[in-house]
Amino acid sequence: MKEIAISAQKVSKRFKLYKDIIMDPIKEHLFFWRKEDFYQEFLAVKDVSFEIQKGQIVGIIGPNGAGKTTLLKMIAGLLDVDNGNIDVYGKITALLTLGLGFHLEFTGRENIFYGGLLLGMSKREILKKMSGIIEFAEIGDYIDRPLRTYSSGMRARLVFATSMSIDPDILLVDEALATGDSYFVQKCSKRIGEMCGSGATILYVSHNMWHIQQICHRALLMDRGEILADGEPTSVVSRYHRLVFEKEGKDPLVMENQELKMVSGTGDVVLTDIRLKDKDGRETTVFHAGDIMNIEMHYQSLNKDIHEVNLFVGFLSCKDFSYVGEINTVEYVEPNHHETKTETIKIPERGLISVKIEPLLLLNNHYALWVIFYEKGMGHVYYSEYKNISPFFVAKSSNPSLKGDALCWLPATITVID
Amino acid sequence: MVFKTIFSIFENRELIWEMAFRDLKGTNKGALLGFLWVGISPLIQVAAYVIIVSLIFRVKLNSNAGPFDYALYVLSGMIPWQVMTRSISEAPMLIRSNTEIVKQVIYPIETLPLTNLLVGSFGGLVNFIVFLLFFLIIGHVRWTLIFLPLPIFFLLLFILGISWIFSVTGVILKDLREMVTVILMLMVYFSPVLINDSMVGKSIWQIIMLNPLSHIIISFRDVFWGSFHFWSWAIFLFMSIAVFLLGHLVITKAKRIINEYI
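Protein sequence lines correspond, in order, to chains B and W.
Heads up, the first sequence is in my numbering, so the first residue is 1 and it goes up one at a time.
Heads up, the second sequence is in my numbering, so the first residue is 1 and it goes up one at a time.
These are calculated hints, taken from the structure and not from any lab test.
Each hint should be verified, as a subset may be incorrect.
[To be verified] Stretches of chain B that chain W covers, calculated by requiring three or more beta carbons in the stretch to come under 8 angstroms of a beta carbon on chain W:
1) 73-80
2) 351-363
[To be verified] Think about it this way: if two alpha-carbon atoms lie no more than 27 angstroms apart in a straight line, the pair counts; the simulated DSSO-like pairs of lysine-lysine are:
3) W:Lys174 x B:Lys35
4) B:Lys187 x B:Lys128
5) W:Lys174 x B:Lys91
6) W:Lys255 x B:Lys16
7) B:Lys46 x W:Lys255
8) B:Lys129 x W:Lys103
9) B:Lys27 x W:Lys255
10) W:Lys255 x B:Lys19
11) W:Lys4 x B:Lys35
12) B:Lys91 x W:Lys103
13) B:Lys27 x W:Lys103
14) W:Lys202 x W:Lys4
15) W:Lys103 x B:Lys123
16) W:Lys103 x B:Lys10
17) W:Lys253 x B:Lys35
18) B:Lys16 x W:Lys174
19) W:Lys174 x B:Lys19
20) W:Lys25 x B:Lys128
21) W:Lys25 x B:Lys129
Backbone N, C-alpha and C fix where the C-beta goes; we use that ideal spot for every residue, glycine too.
Start from the sequences and build out the full structure, keeping to the hints where you can.
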């Protein structure tokens with residue numbers, strides 16, 4: 001059996017929300033027989049149990065308000081546990097925020113010193129690490145100038161370098177790595193890997209799913225104070241995405257957005273409904289890379305006769321709204337044919353168009369559709385255009401890719417010739 | 001329980017010291033004379049006081065006292081008074097102005113009053129040395145001066161205790177600091193800092209004796225001037241220990257829940 005670093009048994013945390021932060025706590029004690037009148041209870045963490053082995057990097061993910069930070073603070077000893085028990089074996093350091101104790105008038109060196117003190121290091125320890133920190137931060141001669149003369153990038157690096165210099169037995173990180181330029185984030189991830197290699201246990205709260213999959217050995221999914229999933233990061237992350245989608249689906253605001261609203265066009269051909277279906281014909285918003293995706297579009301045309309139109313379906317990444325793929329009747333690839341095809345579609349007054357994508361080669365991201373019906377020929381009159389409709393998520397398939405996430409897979413034939 | 005806290009203070013002595021130093025550095029950084037101001041202003045303050053009172057107004061303690069006696073008499077009460085009031089009036093802000101630190105790292109909040117006291121004492125220390133030099137030059141040396149650590153120790157207990165109480169109360173009661181500042185400012189007139197019993201009527205002196213802080217001043221003066229007031233010492237000692245224990249109770253209780261209120 002492996003050594004345990006953190007063990008939590010049936011941990012709960014209740015917050016009292018007071019309307020009047022000054023008078024209500026006083027009234028609560030004065031009128032103790034009806035104290036429930038003065039606050040509302042809010043259960044931030046419910047009956048959570050888990051064990052974390054030494055040397056593991058564990059990611060905690062979940063929507064906002066899931067209780068992740070509360071849990072970290074309880075482990076750190078910053079918040080009291082109401083019910084249950086948390087045992088921590090080893091020296092613990094919490095990086096809940098960055099740049100604590102930094103002062104604009106102090107030099108880089110002084111800031112490293114005081115920042116380090118607040119992280120729980122001793123004076124000797126900091127002085128010993130000083131040169132290493134300065135080197136890691138890549139600040140150069142600026143180290144003896146006041147912090148206010150630094151560029152924001154230099155400040156960020158100094159803060160990171162200071163935070164990363166600790167060697168705790170157990171490290172709690174809350175979103176802290178989410179900022180900063182990517183080069184530095186890489187460096188920090190590496191450092192976290194090193195810490196872990198030297199036997200440290202790391203608990204890492206993040207909204208960056210890519211990071212979680214990259215550096216964690218295990219992930220916990222929390223929602224409304226409970227642990228919904230616990231296990232291998234890739235599967236927990238895809239469970240998280242499903243959860244977010246379920247939530248969005250239930251959210252009336254999002255439903256309203258999903259109402260098909262034309263952004264431009266004459267209205268000659270309009271969509272009346274759009275649905276995404278999986279290979280078994282079930283409606284879904286979550287796919288796996290390599291799955292079959294079927295886009296079913298119900299339309300209505302003003303033209304009573306059969307009408308020839310062009311159809312365009314674009315794929316937008318919800319992360320940065322970049323335009324990552326398209327299917328266009330002017331030129332598209334049909335599977336099993338080795339050439340591109342140009343063919344308008346002939347549609348009656350109303351009906352259903354099915355766009356079957358087999359296989360779906362997009363990877364690990366949220367996407368939305370961009371649909372345009374437009375005139376045959378060169379005029380490019382739009383009959384109707386829809387943007388950001390029918391959002392869906394593509395989860396990474398079970399085999400993790402080597403280097404982060406590409407946008408898509410490319411179909412290929414691999415042969416060894418002699 | 002109390003020993004645990006005392007041990008925590010001992011263990012964190014480096015942190016206390018460095019944080020006090022940081023505070024001083026932070027407020028004086030960028031100023032031309034920087035750090036020197038911590039010493040310069042009290043030095044000028046003491047010198048000005050002695051010169052104005054003794055040489056210009058020629059106030060005398062009593063008919064057969066020397067020209068500097070009144071100034072020294074006042075200073076022997078004023079220096080501990082200033083150290084004490086400065087610490088106490090800052091106490092309500094201790095946790096509030098360090099919210100970020102208290103919330104985000106495991107910071108020993110019980111050490112905050114000591115850091116604050118150190119910051120406030122640098123000036124007081126300079127004052128005290130200047131005062132002592134005057135005192136020795138005038139030739140008022142009393143053997144009772146060897147007991148000086150005693151009132152300092154009990155004043156420390158008192159300041160710690162009351163700072164713990166105020167720092168926690170100040171989190172909830174936002175105007176505590178203003179209240180404390182005003183009360184302490186008025187209290188100096190209901191204390192023997194500026195006067196002695198021969199300068200005011202009996203009934204007024206009795207009112208002054210009702211002020212618990214008066215006894216702290218009287219005890220300090222006993223050490224300097226070689227007198228002894230039994231009841232003042234008794235009240236001072238009892239009050240310091242009581243306030244210290246009460247403060248300790250408050251801070252240990254609050255330490256576990258303070259994070260939910262800030």
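Those earlier numbered hints the structure runs against, lowest number first: Violated hints: 2, 5, 11, 14; rest satisfied.
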